[in-house]
Structure formats: C-alpha cells, structure tokens
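Based on these hints, arrange chain S on the given structure of chain W.
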Amino acid sequence: MLHDGHVIVAAGRGAAPVFRAERVSSAPRTTAPADGTLAVVLYPKVAMLDGSQAHNAWLHELPDPVTKTTWDNYACLAPETAERLGVETGDVVRISADGVPAIDLPALVQPGQHVGVVAVAVGYGRLGTDRFTRIGPQWLESEPTVAEGGTVGRSSAPLAILDERGFRITGRVARVERTGRREVLACTQDHHTLEVPKHLAPAHGEVRDAVRTTTFAKWVADPAKAIARHRPPAADLWAPDHANAGPRWGMAIDLSACSGCSGCVIACQAENNVPAVGRDEVRRHREMHWIRIDRYYAGEGDATSASHQPLMCQHCANAPCETVCPVLATVHSAEGLNQQIYNRCVGTRYCANNCPYKTRRFNWFDYPREDRLQNLALNPDVTVRSRGVMEKCSLCVQRIQSAKAEAKRSGVALADGDIRTACQQSCPAGAIVFGDLSDPASAASRLVAQGRAYAVLGEINVKPSVTYLADVRNASAPQDAR
Amino acid sequence: MTTALPAVHPAPAHAPEKPTIDGDKTLSQVTSDVFSPIEKRASTAWKLSFTAAASALLLGVVAVGYQVATGIGTWGLNRTVGWAFDITNFVFWVGIGHAGTLISAVLLLFRQKWRTSINRSAEAMTIFAVMCAGIFPLIHMGRPWLAHWVFPYPNTRGSLWVNFRSPLLWDVFAIGTYFTISAAFWYVGLVPDLATARDRAKGIRKKILATLALGWDGSARTWSRYEIACTLLAALATPLVVSVHSVVSMDFATAVIPGWHATLFPPYFVIGAVFSGFAMVLTLMLVARKVMSLKDYITPRHIGAMCKVIVFTGSIVALAYLTEVFTAWYSGNPYEKFVFLNRAKGPFAWAFWTMVACNVISPQLLWFRRIRESIPAVFVLSLVINVGMWFERFVIIVTSLTRDYLPSSWSGYAPTLVEVATLIGSFGLFFTLFLLFCRYVPMIAASEVKGVLVRREAQRGPR
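Here the protein sequences line up with chains W and S, keeping their order. For the first sequence, the residue numbers in numbering that gives the first Met the number 0 are 0 to 481. For the second sequence, the residue numbers in numbering that gives the first Met the number 0 are 0 to 462.
Just chain S, with the same shape it has in the complex:
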C-alpha cells in the first residue's frame, strides 16, 4: 500500500516551494482581484493621495516655470558649485528606476517566479522614475529651449555637431534608450491584461481598451509571439541595468574634480541604483498592498526576497564607500585625501553621516528575520534608504565641488525655495503618475500570476 503513494504524490526533488501567492486563489479570483480595482469607483484613500500628489506636482510646475522664466540664478548654485539639487535629483531618480528593470528583465531571464506579482508596478516605477530623472538635465540648462542641440541629427545650424566625448551627451543616449526599451517592455507585457480588461468592459471603455490591446486573441500563436517578444525585450533591457548608471557615473568619473575622478564609479553607481530602486519598490509595494488590498499577491515572501536583495546590495554599497576611502589614501594624492576628510569632518559632514547611517548601517538590520518580517520596520527602512541614497548623490556632487583645487574658490551651497519646490514637484510627478497607473492599469500582471498558479496546481496534482 505504502509503495503506491509516491506515484500519486511524486515527492519534489527539494523542499516544497513556499507559495508565491497566498489565499489559494483560483484563476477567476485572480482576475477579479486584479481587475476590480480599476473598474470600481476610486476609493477615498486614492482620491486623497492623488490630490496630495497632484498638488505637489503643481508646486513643482510653478517652481520650474518661474525658474525657466527668470533664470538658473533662482537656484542656490554659484561660480564654484554648478550642479547641486538638479543633478542630485537626476541621479537619484535614474537610480530608482533600476530595480524595476532588474525585477522585470533580469529576474525574468533567471525565471524567478516570485517576481510575477511585483514586476508590472516595478516596471511602471522605472518608467515614471526615468521621466522624473529626464526632466532635470533639461531644466538644469541655462537655455532649456535649446535642448534639442544635444541631439545629433542633420540640421541647418552650420558645421557644429555634438561632442561625442562628453558624458552628458551619452547620458542623453543612455536615458533615451532606457526609457524607450522600458516603455516598450512594459507595454508589451501589459497587452494580455489589457485584453482581459477589454473583455470585461463595455461601451467606450471597451473600444479604447480594444485599441490598446492590439487585437489580442489569446491564441497559442499570439501567446508564443508574446513570449518571444517579452524574452527579447528582457534581453535588451538587461544590459541597460548595467549601462545606464555606468554612463551616468561617467559624468563624474571622467571629470578632473577630486572626489569625482574615480574608476570605481560605474559599478558603485550601478549597485547603488539597484539598492535604492529596491528600497523604492518596497515603499510602493507596501503602500499598494494595503491601499489596493493586494495582500495575497504581495506576500511576506516577496518582501523577504526584496529585503535580501537590499541587504546584499547595501553591503556592496558599503564596500564601495570603503574602497573610495582606501583609494584616496592609497593614491597618495593630497587632493583626494582632503576630499574624504572634508566629507567626514567638513561643513557637509552632517550629509555624509546621514548617508552612512542610512545606507551602511540601516540595511544591516535586515539580516534579522524578525525585522524582515515586520512590515512597519521594513517600510521605515525602505524610506530611510531612499533618503540615504539621495544624500549619497548630494554628498558626491556638492562636497566635491565646494572644495576643489584652489582654496580661493571654495564656497558653500544652500538650496533656494525654488529648488526645494522642484524636488517636491518631482515626487509629485512620480506619485501622480503612479497613482494614475494604480487606478487605470491592472497593477499586477494577472496573466503571469496565473502562470505561476497553474504551475503550482500541476505540481500539487488534482485536488
């Protein structure tokens, strides 16, 4: 008798996987859980959040409008510090985007099933973060109305051409490529769910969704092409995880300014980007699972996995900080040595130590399972890490610029109201877009989640 059992319940080769999705969902339950929030009327919580986000955005629009009309002088920059909040925000937002690509592309290629319920919102986060990032290089220009001069296209403006040696130019290409690929990847992944939404909708809504769903018919051939397209786009997006922030780091690494001029920067920036991006995904997911009632889809298992990525990348970030200091000491270059002493003990020491506390010390708490499993603790840590990563960029840019080679040129920096309003505005833009996304687009890739459920059903056998 006992010998027959294994045939009925084949023992898995390793310990049984913890379920990716809680609550023993059936396929139709998944459909209704994912699609009902976008079909119902907006909740009060959503309306309040949207009002707050849109107000912040409006504040930012006013600030940027005033700055463009009046001049960059409305920012706190000076003859010594040519970049501060603007490029800090730019690098911060580009960094935020990285986790989305990592989750949706790299984890797709590595067949990590736990990614299914978070990948769409993570990818949406990427797109919105890159949009926020892209605004800063544009508005930081003295004459933003001439921004098209950075594009190398045939023109009638004489023999002048772009400077292919300039890292800023490569930023334009890197960010442009990143945005295009991310948007395409996100949209292609969205098509099956748009088709589901279309099938459930009526009237004008159905017509719009029908156009957006690109004539999806659910046939095996459609699915096959969809899978191929997704894999190809994932393969295209994967190198971008490394390349985009490497290019961004070149803005600093190729400069002669002590504290910027370091070969360490590309890997240091990439890992920092993944670190900050995962923290942002956590922040958003923890809010979304509560507000949008998605607790069964974004489970402690997802949160735990992301915490582990954070503690891993956070440790590499700490190693990078140490490597920077070691390089400065080992180089014997007095300017480099000074930069690090100045960071730790100079006028911006408070920013430096905020950075160390947030990025080096706080993620180490995630080694403890109790902390990883406490939602409020993880939420607070994710916010702390985002603050820390913003300060990391601020420290790199501002401490290096304020005190470079000639002591006569040393100066300070303090942001103006316009700069602070612009930073708030960028968060406003990000959250406005993200809330619109939560409201009008299925937040969870239902088709992929169902794939995971089906696999599990197959593993478990007939009930």
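If we strip away everything but chain W, and leave its shape as in the complex, we get:
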C-alpha cells in the first residue's frame, strides 16, 4: 500500500445512504398574505446565484432557464395575480414593504407560480455593473445596457430579513402596485408553449411536437406509441450517392436528463468565442449563442410544467442552408458536419432564413474588440468572427481535429469518447452525448437506436445528425393529454 500510494476499495461495500427526512429542517413557511399583499420570495438565479459573479457579461446574457430573460431581475407574478393587478410583462411595478425602501422592477408573468407570491432574483443591482454601459454595438438606435452610473437590475437585498433566526430570503409581505411605466425585458423567447396561439390554430388546435413527452406507465405499455407519431416515410428524390466511409459525427440529447440548467450554453460561449452583445441586442433578438435551451410550458395553473430542449445546429444531412448559399460558404464535410466557412461568407443570411431550427447566428456588427486583457479569455483554437458573416455550432470541430491529430500522432485509433464537445463536457446530467453515428457501438449510436429517439422536425426530411431522446416522466404531465 505504501509502495503504490493508493488503496483500491472494492465497489459495493458500505451501506447505501439512507434519506433521513427528519434531518432536513423545514423551510420557514411564508404566511398566506392578507388580501392585496403578496409574500416576497427572493431566489438565486442559476447563473447569477448571490451575485458575486455579477461582473461577468456571459452570466448576465445567459437566458434564465425558466423565464428566458437576460440582463435583469424582475418581479415574477402568477398570471392570475398579474391580471388582478392589471400588469403585463414589462410593466414596472413598485414593491413596497414596511420598513424598507420600495423597489421598482419590471413585472414578468410567470406561469405556474403561486398566486400569493412575488418572486425577485437576488444578486442584481451590484455596484460596478455600469461597466456594461458600452457592451455591445453602439449605433444610431442602440440603447445602453446600463445607464451611466447605474446597475444591471436592482438589488432585492432590502427585502431579505436579517433577524435572530438568521438571514432569510422569504417571510416578508409586500404591496405590489403599478407605476405606469414600462421597461422592455430582454427575453430570448417570445412564444412560450408548443401550442400555436388558439385563435391562429387550425380547427382542432395545434401542438408542435418538437419536444416529445410521455409518462413512464405509457412508455412501459407501448414505447413506440408513447413517443412516435405516425409519419409517412419520407421519400428521397435522389439515391444517397455520397458514400460515407469515415466517421459521421452526431449527437444524442436525452431530454429526460436535461434540467435546462444552461451550463452548456456558457461552456459553448467560452469554447467558441461567442460574444456577449448586450441588453439592447438581445431585445432585438440578436443574441449570439450557438446552443440555446428552448423552454416550453404546458398546462395551466398549478399543473403548469416546463420542458427544456437544448438546441444547436442539427448538422442536417439534407441541409437546407447548404443549397441556398450563393458562394458555397456553408458546405457538408465528409464526416457529416455542416461547416460554415467564415472567410467565404458574404452575408446574404439566406442560410439562416432557410434553417428550420433557426440556430444560425449572424454578426450584425463588428463584435470583436481590441481589448488585450479581455481577449486573453478567447479560445485560440477558434476563429473570432468578423462583421457580416454567419456563424453557428460547429460540433466543436476544433476538438474533433485536435483529437484526430493526437490519435494520428500516438498511433492509436480514435476511440469513442475521445472527443467531447464543450456542451457535453459541462452537462452535469450527461444529457448530451457526442459520437460517431457510423459506428453502431458508439455511445451516441446506442442512444440513437433506443426507442426514445426521435428527430426534431424529422417530417421535413432534413435528416438531422442530432437525435433527441423523449422525455419520460413519472408523473402524468399535462402535455401528455394530447
């Protein structure tokens, strides 16, 4: 033992940990507020937490996994409460509690929230966040992310309670009133369900099946019926004449595992030199993330549930973007990647228009800056894109290339798992698996062969290389009703 310097402990020894409910102290209950007042719940956002990293633009621009809103904190209100107060998302409300200064925050209508609660994120309103005043492009109609000398969001600390029982983020009761002002929140998603608006739906309503969800009971009874919907087999006009000899890279994403935490989004941003563009540009729907988490609500009231779907370039075998580019700036690689050639791109944006997943991102302005310190954070393996070119997920092609080079150098064949994309690497749930789809033994291929596998928008026959595994839940989710 001394010689080896370590001990090998046989697996399986020791008792399995037992959950002891009595050890968990019950959270201080919020008393049901009297009519007209709301219980304040302060919460940490998944990216901002206590705000100690509030000087990081990436975290501000990361859409919150539930609200999909960036660059702000806001007063979350249940739809019923908002209606009672006569406010809509973006209306500024004043939260006033006894003994603390009132706070003005834009409201955000949050389906599924308790009707007696106003929820506000902590960690905002930090001094020094006016460093983001000039983040993003400055032009004729641009608005600064933060006013000169201002802060990103407002501090909700006064609403916390510090007393003999310690520091608490719940327990205060506050009045919430309209102020009449409006502030447009920078939200990356405009439509929040998979259901098309009722008044625009064909006769029987319409639900799009980008996210497929079922219950465990249904899944056990008949997996095929639980997940797949009947689709006529898609016919190809031409025979597949491009034989694929080498690997065909692809991905499997397990929606059952994904919690929407968005770690992959930040990982991708760091790996691929994705710029943060500021609040105004996000409001204009010009965020640059190569991977996004789509969040769809289903059900109403207490039965509201949310599904999360990480979505990046699907690297379609029949890629609609490739046929329309006049200068061949986006082409297919022999390994199944849909490649974007920045140098060749003239910026017609036709590819982005024709992308059914809308995962392509355009450099509307010149985002790179001559900042020697900040630029040290850039990944030297990835090109920094200039103005006027299209960009998108490359499936971390730089990692593929370096793994291939390493395999060649060491003379060992590339093994499954040698290449891990940035999103895969950072996913705490292991929901994202990258691999060679032409190798039936690869982890990705084995997932794709599962009964839960489906392609998003498979019916338009673009043949995506990214496969999703349907979300199987224990409880009956409202969206199963369909």
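Keep in mind that a hint or two might mislead.
[What the hints assert, rightly or not] Below, simulated EDC-like cross-link-like pairs (lysine to aspartate or glutamate); rule was C-alpha separation at most 20 Å, straight line:
no., chain 1, residue 1, chain 2, residue 2
1, S, Lys-344, W, Glu-205
2, W, Lys-197, S, Glu-335
3, S, Lys-344, W, Glu-194
4, S, Lys-294, S, Glu-38
5, W, Lys-407, W, Glu-334
6, S, Lys-344, W, Glu-334
[Stated by the list, open to error] Counterexamples of contact, computed for chain W against chain S with all Cβ distances above 12 Å:
no., residue
7, Asp-3
8, Gly-4
9, Gly-35
10, Pro-43
11, Leu-48
12, Arg-83
13, Arg-133
14, Glu-182
15, Pro-325
16, Arg-371
17, Asn-378
18, Ala-428
[Unchecked claim] Looking from chain S toward chain W, a few residues come up when the C-beta cut is under 10 Å (computed):
no., residue
19, Leu-47
20, Ser-48
21, Thr-73
22, Met-140
23, Trp-160
24, Val-161
25, Asn-162
26, Arg-164
27, Leu-167
28, Pro-333
29, Gly-345
In short, the hints are calculated from the structure, not lab data. Ideal Cβ positions, reconstructed from N, Cα and C, are used throughout, including at glycine.
Positioned in the frame of chain W, the structure of chain S alone reads:
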C-alpha cells in the same frame, strides 16, 4: 352615284379604330411636341420635383453609407428574420420593371399600336426600376465589398466556386440579363429620335447627340436594320418577362419555410409583377402627361387599355391568393395552414388586409367605365395598387419568417430609421433618374408615333 363612294372611301372590315393620338397632329407637330421639352429650359415644376427626388436620393445614400460603415445591425432584422425591407424592396422594384418590358417587347411583337406613345418611358421605367432593385441584393449583404464573389469568373481565390443550386445566384444572372437586354433594347429604340434631336441641335449638344445617334442617316437600309434589331431584341426580351420574376420567386419557392415553399410562386410572381408594373406606368404617365403637356399623346385610350390590363392581371393575382390558401388547406400540412391563419389573424394581419384591400378589391373598381375614364380615380388606384404590391412582398417575406417551425424562435420585426430612409432613397433614385430622362431624352418614341400617324393617314386617304 352612290355606288362610286365605296371606291373612294373603302369601308374598313371592322369598326374604325379610335385614334391612338389625339389632336390631329401632323408629322412636324409631333416632332416639335416631343423634342421641344428637352430643348427648352427646365420648368419650375420639373425643378421642384427634381429637388425633391434628389433629396430623397441623398437621404438614401447617407443611410446606405451609414449601414455599410456600421453593419447590417442598423436594420431591424434579427436571428429569425434575415430578410425584410431589403428583399421586399428588391422584389417590389423588379416587379415594377416588368410592365416596361411587356409594353415595349410583347406588345411590339403583337403589333399593338397603342403602345407607341408609352413604350419608351415604360422601358425607361424598367431600366431605372431594375437599377433600384439591383442595389438591394448588393447592400443587404453582410460584406457587400465581396459582392464580386457571386460571379462565376476564373479567379485566384482557390478552388471555391459559386453554388449553381442557389436561387440567389440565379437572381444575379436573371437581373444582369434583364438589365442588359432592357438597356440595349431601349437604346436601340432611341437611336432614330436621337438623330432627330441631333439634326435640331447646335454646337456641343449636336456633337454629343451625333455620337449617341451612332451615325443614323435615315436611309431605307438603316431603317430596315433598325427594324430587324428591334424585333430581335424584343424577341429576346419577351421570355425575360416570364423568366426574371420566376427566378426571383425561386428565392422563396425552393426554401423550406412554410409560406414560401410553394410551386405556385413563379406564375404568381410574374403576374403580380405585370400588375404592379402597369400600375407604376399609369402613375408615371398620368403625371407626365400633365407636367410635360403630353395629353394628346397619352390619351384616355391608353389609360383605358392599361386599366384593362390591370383589372385582368389583378384578378389573376386574386386567384393566386385564393390558390395559395386552398393549397395550404388541401395539403393537410399543419405548418402551411398555420401560416395563412397567422397572416390573416396574426400580428401582421394589418399588412395582410392592406394587401388584400389594395390588390384584390381596389382593381375591381376598374370594371366600371366611369372610373376608368376618371383620371384622378385611376391615378389614386394606381398608387393604391403599388402600395398593395409592396405589402404583398412584405407579407410573404416577413409573416413567413417571423413564425416558422419552432415556436421558440418566433419573433417580430419592425424597421429601423435606416431601413425606412433606404426605402425612401430607392424612390429618390428612381424618380431622379426618371426626371433626368424626361428632361434630356425624348420621352415619346416620335419615330414610332409617326409610323402610327402615317398608317392612319393612309387609312383615311388624302384629305
């Protein structure tokens, strides 16, 4: 006695034609009517219009300059809507051009004599509209300084070549061909009149016109070659009436986006183009006949004929709208069905209903003779139709893009000041060029009008 009359006045086989040109003009009167406006000093009305048009153009130049220097982000586009005002304007202007070609080429081949007094300005309108159109694909690029990459010429930029599968590439060819043929056709038709202008001019003006008139000598041989050249160019231009807008429509028809992906698009776009083009010809002609005192040459008969073309093409456009909706319903494709419900009832419903009101309902008023004969009514309708046809392209492009497959990506669109200024600038360019044309080029093809007069004189016999 009575039996001798028919010999002197041979009765025409059908009812006598209404005169194409009013005012019982003699040939020399035609010459002076057509050429004096370009020889006199500019009128105040012209100067004011030119100032307005040139100011609009200047505004557009500033807007485009700012956009090219700063980035496409100065437009209201976003990750979901990659095209909006830019391609709307492009398709709108290409469409405007179509009537010019139809009038000057197709009607020439069909020997429609009423076209003679409007064909030159209609063809000029085509050229200027295509110039306006051509600017948009250029400036909509993220890196317009690399626009030459879309041309397939031997180069030293490595193995990369253009993508012949891309409809955008075919746009380049279609617009390039269209502009070249139209410009050549227009210029060849202009040569006899340039010669007349040359013969009436003095000094430096004469020298310039002499060069432009290509040594025209009025001999039978020159005329014969001129006729052959015109007919050949007309025959070349005729298929372009169909092909150009068909190719433009492929930008949409070959895409996977619901609302774009439709086989109906080529004929639908072509007829829409002729429809909007005739409306624009009417707008311009009604202004020109007033401002340039050409009432005898652009007569109610011309206006009536154009109104009839508009009501015909407008009805086909209406049929195309209905066919689109029917196809969406009959396809059983939920995405397609949604697109049309979204157009009619969604956030851009106002644009859709503007389009329907302007393009489907308003041209039907032209069934009434009283409206066809009222100049102000026709003028207003021609403007309304142009607005409607601009909205048609806006509706097709923007409503389809804002709400495609995945609801998470749905977004809105609103133009920025820069985009609006660019649209105004394109009108500025168009009217600046058209006013320069009115001022420096004989607006009416005098040689062709004289041909019509001579025929009529021959029909009528000696006075």
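| With 10 Å as the cut and Cβ atoms as the points, is Arg-164/S at the interface with chain W? | holds, 5 Å
| said: Beyond 12 Å on every Cβ pair: is that true for Gly-4/W relative to chain S? | reply: With a cut-off of 12 Å, Gly-4/W remains clear of chain S, as the shortest Cβ separation is near 52 Å.
| Does Arg-83/W sit more than 12 Å from chain S, CB to CB? | Non-interface label stands for Arg-83/W: nearest chain S Cβ at 26 Å, farther than 12 Å.
| request: Assess, step by step, whether the Cα of Lys-344/S is no farther than 20 Å from the Cα of Glu-205/W, and give holds or violated. | output: Holds. Lys-344/S to Glu-205/W sits at ~16 Å (cutoff 20 Å).
| Should the label of Ala-428/W as a non-interface residue stand, given a Cβ cut-off of 12 Å to chain S? | holds, 20 Å
| request: Under 10 Å, Cβ to Cβ, is where Ser-48/S needs to be relative to chain W, so tell me if that hint holds or is violated. | output: Constraint on Ser-48/S not satisfied, violated at 29 Å.
| query | Does Trp-160/S meet its interface restraint, that is, does its C-beta lie within less than 10 Å of any C-beta in chain W? | reply | Status holds, d = 7 Å.
| message | Verify this label for me: Glu-182/W is non-interface relative to chain S, using a Cβ-Cβ cutoff of 12 Å. | response | holds, 18 Å
| task | May I ask you to test the interface hint for Met-140/S with respect to chain W, counting a Cβ-Cβ separation under 10 Å as satisfied? | result | holds, 5 Å
| message | Just want to verify: Asp-3/W was marked as not at the interface with chain S; is every Cβ pair farther apart than 12 Å? | response | The claim stands: Asp-3/W keeps its Cβ more than 12 Å from every Cβ of chain S (closest is about 53 Å).
| query | Lys-407/W and Glu-334/W: Cα distance at most 20 Å? | reply | Holds. Lys-407/W to Glu-334/W sits at ~17 Å (cutoff 20 Å).
| request: Tell me if Leu-167/S is really an interface residue toward chain W, meaning its C-beta lies closer than 10 Å to one of theirs. | output: Where the cut-off is 10 Å and the nearest Cβ of chain W is about 4 Å from Leu-167/S, the hint holds.
Violated hints, listed in ascending order, are 6, 15, 19, 20; each of the other numbered hints is respected by the structure.
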